[in-house]
Amino acid sequence: MSTATINDSHAVGHHGDAHGHDHHHQSFITKYIFSTDHKMISKQYLITGIIMGCLGMGMSLLFRLQLAWPDETFPFLETLLGKWAKGGKLDPNYYMALVTIHGTIMVFYVLTAGLSGTFSNLLIPLQVGARDMASPFMNMLSYWFFFLSSVVLMSSFLVETGPASSGWTVYPPLSALEKAMPGSGMGTTLWLVAIILFIVSALLGGINYITTVLNMRTKGMSMNRLPLTIWAFFLTAVLGLLSFPVLLGAGLLLIFDRSFGTSFYLSDIHLNGVGALSNSGGSPVLYQHLFWFLGHPEVYIILMPALGISSEVISTNARKPIFGYTAMVISLLGISFLSFIVWGHHMFITGMNPFLGTMFMYVTLIIAVPSAVKTFNYLATLWKGNIRFTPAMLFAIGLVSMFISGGLTGIYLGNAALDIQLHDSYFVVAHFHLVMGSASIFGMFAGIYHWFPKMYGRMMNKTLGSLHFWLTFISAYLVFFPMHFMGLAGVPRRYYQFSLIPEFNIWMDVNIFITLAAILGGIAQLLFLYNFFNSIFRGPKASKNPWESNTLEWSTETKHIHGNWEGDIPTVYRGPHEYSRPDRELDYFPQYEIGDGEPEHYHAPATAPDTSYDGKKEKATTVFFSSFAHLFSLRRA
Amino acid sequence: MNTILKLTLKFTLAVVIIFSAATLISDSVDIQGISTEHLSAEKPWVGADEYQYDPGQTVTPEKTLSSKVNWAILVFVVLMVLVLANAFDISKYTAKITGRETVNQNNVNKWIMLFFMIAGFAAVIWEYQTHGAMILLNDSSSAHGVDYDSMFTITLVLTTIVFFITQALLFYFSFRYAHQDGRKALYYSHNNRLEVVWTFIPAVVLTVLVLRGHQTWKSVVYAEDNYNGKMHSIEVFAYQFGWKARYAGDDGIMGNVDYKFISGKNELGLAYKPEVDSLVVDLKKQIAADEASIKNLNTTILDGLMADFTAAENLRDYKNMESVQKEIDAVKNGDRLDELKASIKRKTKQIERILAIQNDKKLFASTFTSAAMDDIITQEIHLAKDSLVTLNFRSKDIIHSAWLPHFRAQMNVVPGMPTKFTFRPTKSTEEAKKERGEEFEYYLYCNKICGVSHYNMKIKVVVESQEKVNEWLKSQQPAFIKREMAPVAPAIMNDTLKTSTDTIQKMVVR
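Residue numbers (my numbering), protein chains in the order written: chain A, 1 to 637; chain B, 1 to 510.
A few of these clues could be false.
[As the list claims (entries may be wrong)] Far from chain B, some chain A residues (derived; all Cβ distances over 10 Å):
1) T30
2) I33
3) N93
4) V151
5) L158
6) L177
7) L214
8) V274
9) G275
10) N386
11) I404
12) I411
13) G457
14) F481
15) Q497
[To be verified] Computed list of chain A residues with no C-beta within reach of chain B, every gap over 10 Å:
16) L61
17) P75
18) V193
19) I196
20) G220
21) G249
22) D268
23) I341
24) L394
25) T409
26) S543
27) T571
[To be verified] Selected chain B positions facing chain A (in silico; Cβ < 7 Å):
28) M134
29) L170
30) Y187
31) V210
32) V221
33) K260
34) G264
35) I449
Don't read these hints as lab results, they were simulated from the structure. Quick reminder that beta carbons are idealized off the backbone N, C-alpha and C, glycines included.
Based on the provided sequences and hints, a complete structural model is requested.
The structure is reproduced here in structure tokens:
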């Protein structure tokens, strides 16, 4: 038994392992600030992500106020924003800035760094059985680049002309020309610097995640025994590594255009108050191609970790093996590959050749197939389970619901013909907030509730957690569902005010309703914040494996040590989802437990109807995995 | 027996809650004959100016209805929050008393799952009926819009079915298979046949959608290929923050344009020699002024600014002081000098490029034709009903997007890259007014974030008979000449305009 192994080798491990000593002599700075321990770095990512999340959500509430009550004044806004809300009414330029920075923060700082950064850092070493990341120092750099990037981004609020305000996609020429809008001055420069720092952080992190997963798995942890979380983090890192450099290129060219007079994106422009610009020969559409070459994989960079987390959480709490592990992995691989060749569906009506539009439509709708497979597998996992509604499980179920609702509208938007009308309407806002925003943030919450005991050694309050879930879930639907209909009625996104146009003004009641629902959602997050920070200090002490889970991270002690395991790293004997095996008394069978000679997978007698399977297909999948493993020569005995 | 009784009780409770919620909603729907005073008294948070765009208009029943329903939903949500909070509170106390907690909360969550599913589906159906009635569907004002709407309907039906099935399974499974003591989950890790089935079914459905989508897309983007009737083309010009339309004049040919020719009197940059010449003169004057500024920057200009500052200081006009101080700083740290130098460079380049066109005989002849003189620039777009029109888009400054929601038409307007959208309007403004009310007008909206007034950048679109369009065009003033002096006078807006489509492709002269 693993516990026995750990106890036996305790003394040996303590001396034999170089990592074992460090934690005794750490100063405050090396432990909490410039820490190279992946668990501390993951907490740093999480706390920074939560702070950025609060800021991002706060901004959305501010501009929701404007949309709901365009003719009201809110004196507190002037107190808060000064000259940007003279007399308590939000300035149109600042509205744009809030929309832009809200998008940037949520996409990059919360859902990329806050989600992937937190859980990749925490779980990759713990779940593959490594003492730390491949390069702990690079890992530390990754966090500090992210932190610096956050500071630079937020500092743009202190600039006189305001932060970047040309939308989170910062399309040139609007973002390239200082005179086109105030936010395109210093604000956009800071935005670009922040994003470049962010890309550096993402790349440093990504290389580390990939290396750790490929090279540092413990004995017995073959690729087909990896928890789905690790598969998701691994593929996410690959996506990031291949796509972020393209955004870096796009950003650098934009900096050249802005500051050094080049014309990559500029041509034939006559700007009010300036006159005809000398720039000639560039193409604004080039930027859009480069941006969305990152931008689309980015959607999956955000979503896949959430899907991985929910797979793990659903399997654990339904007390069932995740249904179709192989199909889940293949789906992830399929999504990862396809995500690189669908970027054009953001550009159907940019004047791109219509034939190209056709091709992008085909591949975009193909990507719905692996997504559908994942959904059905989640449903099959819940079927005949023994579901424990922990807050994490609730959020994971919520994720599946959001993933379905938001995913289905993707079928409309991926269709070039339908996109003519839906492009940049509220329908798009509803779509991506459900499938990418809500689903991913639900995955993040699921992760936080599930691994909180591992991060802080204490339990979060379950009741508050459930309440938080239901309020967030309901308010998310109330906010985003009606937006579909607004979009279908022809209401454009990024409008500062709808009351000037009668046809949009009839949605005023709905706008008010949405804002009220958003405020409800904001209040619900206060419950979470209280629960989170209160539990860090005053939550009940957690046991070693509070969710009776199978994966490797629950074999570590609750108290964090540098190097993770006191003694030898445990060996892995089976896949991560062996729950409720009929040949075992307990309903879970940890990966690190030797057992009494049970087979790796339980095979029911052939007569049992429910578990019948196709022998041939089974062989094919085994071949698939072994070939994959041989390809990287990674399989360990 | 006991468990069945308990289940029935709980189920009844859930049904009662749902019904009372439904009654609450339907009750509020019934109240329609409500007076305006009452409404404004009830909605103090709306603000008096909300309906200012049309003060004469009384509040329509729809408005009353939806606002009432909003309130009902809000009350409903608050009630639900209270119920939830209560339920969890009870579970907390029972947990304290009995020392057991998990089972209780699990049951609460399980029942909320079911409740959420039923209430959620009811809400979705309500949304489809209420807000679904407000969407643009099956009322298209263009020919391809009919295809579009049927494509949309197919997708809507399919996705709605999938939505209800998958969500129902998700919440039903969550409810049905909630934890019970002593029960073990079914160990069922995979079934490859099942995987194949549910890979295959979506793949087939999506293939159907993709093929149908491909057809629709082709019919929209290659609209002119299979069309033999009348064709027009109009240039739609976008700038911060407005739109202009340009029609070929009496000669039926669109004149050439170039962004370098844009000036105060020549907003669209038409290739009209006298205007371009005066632009060059203007530019030269501006360069001279800039040069003079550079010369006097540190002497008279700075002194003047200092004097302004002192004056403002004496008046304690802090706002003015701040702005003057900024200018003084700009002069002192060299920013103003850089600006002036850049401005001179930019203008010199512009003159150089204009002269390059003028000095090249061939280019000059092909650019400065007489076609531009009688082009008509308008503040509205008038389209002839039932004839195919190509809108050729051109942007003056940054990316805009021309969206005509009622025609299911949208295209980005990109500086330096000509784009177009071809469609056939089939419903005149008059007919649309009959359907949508007297105040209704077609508009073309900007739908790409473009700056501070993005939210109010629109141009009126009028669809009427060919004769009326012609009449309207006659009443408009050509850009640079009087109508009597028009070069040639073939019938305007007829088949000959088809040739001008080619001209427009060569529009952007470098």
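May I ask you to check that V193 of chain A keeps its beta-carbon over 10 Å from the closest beta-carbon of chain B?
It holds; V193 of chain A is separated from chain B by about 20 Å at its closest Cβ, greater than 10 Å.
Chain B versus T571 of chain A - minimum CB to CB distance exceeding 10 Å, so not interface:
22 Å, holds
10 Å Cβ clearance of V274 of chain A from chain B:
8 Å, violated
Please confirm whether L214 of chain A is truly not at the interface, meaning its C-beta sits more than 10 Å away from all C-beta atoms of chain B.
Per Cβ check, L214 of chain A is outside 10 Å of chain B; nearest 25 Å; holds.
Is the interface hint for G264 of chain B satisfied, with its Cβ closer than 7 Å to some Cβ of chain A?
Cβ of G264 of chain B sits 11 Å from chain A, so the hint is violated.
When the least beta-carbon distance from M134 of chain B to chain A is tested against 7 Å, hint result:
The hint holds - M134 of chain B has a Cβ within 7 Å of chain A, the shortest such distance being about 5 Å.
Test the statement that I404 of chain A is away from the interface with chain B: the closest C-beta pair must be farther apart than 10 Å.
It is violated; I404 of chain A is separated from chain B by about 5 Å at its closest Cβ, not greater than 10 Å.
Please verify that the nearest CB of chain B lies beyond 10 Å from F481 of chain A's CB.
6 Å, violated
Status of S543 of chain A, Cβ more than 10 Å from any chain B Cβ:
14 Å, holds
Classify the label on L394 of chain A as holds or violated, using whether its beta-carbon is more than 10 Å from each beta-carbon of chain B.
7 Å, violated
Beyond 10 Å from every Cβ of chain B: is that where the Cβ of L61 of chain A lies?
L61 of chain A is indeed farther than 10 Å from all Cβ atoms of chain B, at 16 Å.
Is the nearest CB of chain B more than 10 Å from the CB of I196 of chain A?
At about 22 Å from chain B, I196 of chain A clears the 10 Å cut-off, so the statement holds.
Going through the hint list in order, the structure does not satisfy hints 3, 6, 8, 9, 10, 11, 12, 14, 15, 22, 24, 25 and 34.
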